[in-house]
Structure formats: C-alpha cells, structure tokens
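*Asks:* Listed below are the residues making up each chain.
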Amino acid sequence: MHSFGYRANALLTFAVTILAFICAIASFSDNFSNQTPSAQIQILNINWFQKQPHGNDEVSLTLNITADLQSLFTWNTKQVFAFVAAEYETSKNALNQVSLWDAIIPEKEHAKFWIQISNKYRFIDQGHNLRGKDFNLTLHWHVMPKTGKMFADKIVMSGYRLPNTYR
Amino acid sequence: MDWQGQKLAEQLMQILLLIAAVVAFVVGYATASFRTMMLIYAGGVVLTTLITIPNWPCFNRHPLKWLDPSEAEKHPKPQVVAVSSKKKSSKK
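In the order they appear, the protein sequences are chains A and B.
Position in the first sequence counted from 1, then plus 17, gives you the numbering used here.
Position in the second sequence counted from 1, then plus 1, gives you the numbering used here.
In case anyone wonders, no lab produced these hints; they're calculated from the structure.
There may be inaccurate statements among the hints.
Some chain B residues flagged as far from chain A (calculated, every beta-carbon gap over 10 Å) [said to hold, decoys possible]:
(1) Asn61
(2) Lys75
(3) Gln80
(4) Ala83
Rough simulated footprint, nothing fancy, chain A against chain B, three-plus residues with beta-carbon under 8 Å [said to hold, decoys possible]:
(5) 2-12
(6) 28-41
(7) 46-52
(8) 62-71
C-beta: ideal position from N, C-alpha, C; glycine also.
Given only the sequences and the hints, what does the whole structure look like? Please build it.
*Replies:* So, in structure tokens, the structure goes:
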C-alpha cells in the first residue's frame, strides 16, 4: 500500500481472483437447474441403400426430428450442440455410432424445433452389416456454458430397422 | 498516504470488492442475466479503484511526525575519516 502502483496491483489481483470465484459459483449453480428435454425422431423414407465400390454399406435416410431442448438453457448457457447418431452392433465392433445430423442452438427460442431433412452426414458402415440391422437413433446434446463445466446427455430412441435387401 | 490510511484503504478495497461480487451475483442470478452480473461487478471494480487508489485527504488524517529540522542540527551525522593514504605508502 506504499504507492499507487502497489495499491493498483493489489486491487487488480484481488478483483480477478474474486471474478474467478463468481464464475465458479455461477457454473456450480447450473447443477440446480431442472432439465426436462424431449425429442422424437421418425424415419420418413429410406432413399437408397447400396453397397459402395469398396464394399461398405451406405444408406440415405430422410429424418423428421422433433425436439424441445428449451429447459436445458440456463443463465450460464452460451449454446447447445445437438447431434443425432445411429447406434448399432456388429460382429466386428461392439458399438458403432454414426453421426447423421447436428446443429448449434444459440438461443432458447430456437431450442424447440421440428425439422425434416435427409441425413447431413453419410451413413456408411465399416463393412456390409447393415441389411436387416436393428439400430437406435440417439439425440445427444452438449450444453456449453459461458463459464465452467459443460454438461452432456442423451435420449435413446430404439426400434428402427433397415431393410433386408439393397434398394 | 500515512500508515493508518494505508490500512484503511486496503480493508476498504477488500470489503468493497467482496460486496460488489455478492451484489453482482445475486442480481445476475435473480434476473438470469450473465451480462448484468458482469456489468455490475465491473462497475464495482471501477468504483473501488476510484475510492481506494488515489491519495484522498481522509487517508492522511494521521500524518507521520518527522523530526524537527532544528532538532536534527543538534545531532549531526558522524563524518567518515579517509584512511586510503596510509595504505598506499605501506605497499611501496
């Protein structure tokens, strides 16, 4: 406290330390939010289902995705990253996850949506295991905060099946 | 600033920053606005800077008592006697 510089340094250091505490508490308060997201995915059409020249199966789907992720947004949320993955089992891999679609939701107002599109990313298998395959469509989301811990969770929707023959 | 003033300024700085932080968090949480919290805290930091860093007169109410100049003349500083000339003659 002997000179301007000394006091200014002490003040700045203390202010930044307290700022770190405020941000940590703000992040901690996210644990107390009540989150009730919901989603539904419908496969409207299987556009085509072929075996590629390299021997891998590929399928193109038209999806109808309905979701309400508004309750995930808190005061400390910057954006929510959501993606849909097809999950299935093969003899080679215990779990295959293929991402079909994703979106960044920057605001609460945009978090309740209905979208009908063909898959944004290609659904290609490692091999030719997809005929007659049962698979789950899972909507994953990552809640990205303004400060602090990121939360991730998912909804698993099962009961989807690919046809037994190529189209 | 004098010693008492420095202690006062330091305590004031810590308390004001803590109060600014608490008020900022409570208002921000209640209005669910992160931006509000940051703005209130920034305002608090600026206010604390204005109050505690400059040399306000209130921090100088117990000025140091320097020794009176007439008193200093009665007790002069001891003079240093030069010894270097003796050393040079012994070396030769």
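*Asks:* Can you give the numbers of the hints that this structure goes against, from lowest to highest?
*Replies:* 8
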